[in-house]
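Fit chain C to the given chain H structure using the hints.
Residue numbers (the numbering used here), protein chains in the order written: chain H, 1273 to 1399; chain C, 38 to 384.
Among these hints, one or two may not hold up.
Using 30 angstroms as the maximum straight-line C-alpha spacing, the simulated DSBU-like pairs for lysine-lysine come out as follows [unchecked claim]: (1) C:K167 to C:K202; (2) C:K167 to C:K194; (3) H:K1337 to C:K301; (4) H:K1334 to C:K167; (5) H:K1372 to H:K1337; (6) C:K301 to C:K270; (7) C:K349 to H:K1334; (8) H:K1334 to H:K1372; (9) H:K1372 to C:K349; (10) H:K1275 to C:K320; (11) C:K271 to H:K1279; (12) H:K1337 to C:K167; (13) H:K1275 to C:K167; (14) C:K167 to H:K1279; (15) H:K1275 to C:K202; (16) C:K194 to C:K270; (17) H:K1380 to C:K349; (18) C:K112 to C:K271; (19) C:K301 to H:K1279; (20) C:K320 to H:K1279; (21) H:K1372 to C:K202; (22) C:K202 to H:K1279; (23) H:K1275 to C:K194; (24) H:K1275 to C:K270; (25) C:K194 to C:K112; (26) C:K194 to C:K271; (27) C:K271 to C:K349; (28) C:K356 to H:K1275.
From the derived model, a few chain H residues whose C-beta atoms are all more than 12 angstroms from chain C [what the hints assert, rightly or not]: (29) K1279; (30) S1327; (31) I1332; (32) S1349; (33) E1354; (34) F1368; (35) T1370; (36) P1375; (37) D1383.
Since the hints were made in silico from the structure, they are not lab data. This structure is a prediction, so every number in the text was calculated from the model and none was measured. Yeah, the Cβ is synthetic: ideal placement off N, Cα and C, and Gly gets one too.
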Amino acid sequence: MIKPLRKYHFVIWHILAVLLPLFFIAAILFRPVTPSGKAIGSNEISARIESNTDSTSLVILKFGKFIRTPSCVVILSSPSTEWVLGTLDRQGIYTFLTPKFEPPATLKLWDAIHHTSIDSVALTQNH
Amino acid sequence: MAASYQPVLWNQQKKIYDTVIVVLVFVYLAVFISVTATFNAEVTGETLIIRSTGTLAILMLHIILMIGPLARLNKLFLPLLYNRRHLGVMMFFIAATHGIFSIMQFHALGNINPVLSLFVSNRHYESLSKFPFEVFGFIALIILFLMAATSHDFWLKNLSPYVWKRLHMLVYVAYFLIILHVMLGVIQYEASPVLTILLGSGMTVIIALHIIAGRREHKADVVPESDTFEAYKKACSVSVIPNNRAKVVTFGEERIAIFKYDNKISAISNVCKHQNGPLGEGKIVDGCVTCPWHGYQYLPNNGCSPPPFQEKVATYDVKIVDGDVWVNPVPYPEGTERPPAMISIVQ
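Excised from the complex, chain H in its bound form (with noise of 0.2 angstroms):
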């Protein structure tokens, strides 16, 4: 190397051994916290209805497969209507607030882009 890029990876350097590790500490420091638990069941997926008031129902989403989609709408279907509940993300229990309904329900989970049905779960009351 000529003078000047030796200068040039010498001041690259001593600035690279400051950022590094402080990106590098804070990027572990500001690591989100993972929920801890018991894992949803590989490829589990189960919907139930938690409560219901005079009002409102309570839906439980249990959804423990790898989604492969762009996008995953949560539709509630009952006989007399279907509701547009949310989206999943990932694996997890989901919680969804709805307007009263009268069982059987189900779940359909669609991908809106690909309009194309993913998923199906029948909705099982709480006793």
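Only chain C this time, still in chain H's reference frame:
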């Protein structure tokens, strides 16, 4: 040398070097994919490719970044430097495979351009832990592409060694971006500390090697207090220069390599015209100063490459007084014949 832009020909050493690299790459990929698939049956083929190529690329980048300072600190590592460009190009292809499969897996299934999706699907630019880390990897890949595309001596010749070397020093920026890419990406979700420890250790070694080598070079660039007589400066004693080797001195802007050979002393610029390699750390082979990096050769008395090659370096006047070598630090135009100082006559 540069009669046809092919200074480093396909010799036996190069073939062995490349074969070893290719074999090691395939062994790494095979072992990584087998072990991961065995212990994680749910993982898809795309994910296996993304993870195996990603880890391999960063491992190779660490090795590449170690070779330079190691070769500066110990000549035993010089053979690794000889063909480092091939290692770099291969690393780019592996990193590109990682990038292409990642974009296909995570960004190609939506209804917007996959590359645009990479920048806009996650907009948490204000958050460290949720930052769209793929952006760092993408920019680093662009830099690596520029380096791989210009790695041939055609570009070295046309861009000039200074510009080419400066362009290729962008690898340090790419390294910084890749560390961010990994730290803000997979490390944010990885439960095991193994990857963090490995990355931290590699990073520490890289920083330490570059700082040590850089400081040593910086120290060597300090112009020493030296006896001066007329235009000449006292460089060293003749006896400290090994036969067919050089003593490197700094008297001005650039270093001078003083060679001892056939009972003669000649001084030429220390900077090779190919990649600015340190000629003074090479030796005289078949009567020519041979660069330790890629074997470019120059005649010590005129700084010219032997025909048919056309490279030339600057030459300097030298003389021997009472067993000491004196150098006039004002360079002659490249390729200027200067009479060597005769050791046997003076001593």
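Going down the list of hints, with the structure as the test:
no. : hint               : in the structure
1   : C:K167 to C:K202   : violated (35 angstroms)
2   : C:K167 to C:K194   : violated (44 angstroms)
3   : H:K1337 to C:K301  : violated (78 angstroms)
4   : H:K1334 to C:K167  : holds (24 angstroms)
5   : H:K1372 to H:K1337 : holds (28 angstroms)
6   : C:K301 to C:K270   : holds (18 angstroms)
7   : C:K349 to H:K1334  : violated (74 angstroms)
8   : H:K1334 to H:K1372 : holds (20 angstroms)
9   : H:K1372 to C:K349  : violated (88 angstroms)
10  : H:K1275 to C:K320  : holds (22 angstroms)
11  : C:K271 to H:K1279  : holds (26 angstroms)
12  : H:K1337 to C:K167  : holds (23 angstroms)
13  : H:K1275 to C:K167  : violated (41 angstroms)
14  : C:K167 to H:K1279  : violated (36 angstroms)
15  : H:K1275 to C:K202  : holds (12 angstroms)
16  : C:K194 to C:K270   : violated (34 angstroms)
17  : H:K1380 to C:K349  : violated (75 angstroms)
18  : C:K112 to C:K271   : holds (27 angstroms)
19  : C:K301 to H:K1279  : violated (33 angstroms)
20  : C:K320 to H:K1279  : holds (26 angstroms)
21  : H:K1372 to C:K202  : violated (70 angstroms)
22  : C:K202 to H:K1279  : holds (13 angstroms)
23  : H:K1275 to C:K194  : holds (20 angstroms)
24  : H:K1275 to C:K270  : holds (20 angstroms)
25  : C:K194 to C:K112   : holds (26 angstroms)
26  : C:K194 to C:K271   : violated (35 angstroms)
27  : C:K271 to C:K349   : holds (25 angstroms)
28  : C:K356 to H:K1275  : holds (26 angstroms)
29  : K1279              : violated (8 angstroms)
30  : S1327              : holds (36 angstroms)
31  : I1332              : holds (24 angstroms)
32  : S1349              : holds (24 angstroms)
33  : E1354              : holds (23 angstroms)
34  : F1368              : holds (24 angstroms)
35  : T1370              : holds (28 angstroms)
36  : P1375              : holds (33 angstroms)
37  : D1383              : violated (9 angstroms)
Checked against the numbered hints above, the structure breaks hints 1, 2, 3, 7, 9, 13, 14, 16, 17, 19, 21, 26, 29 and 37 and satisfies the rest.
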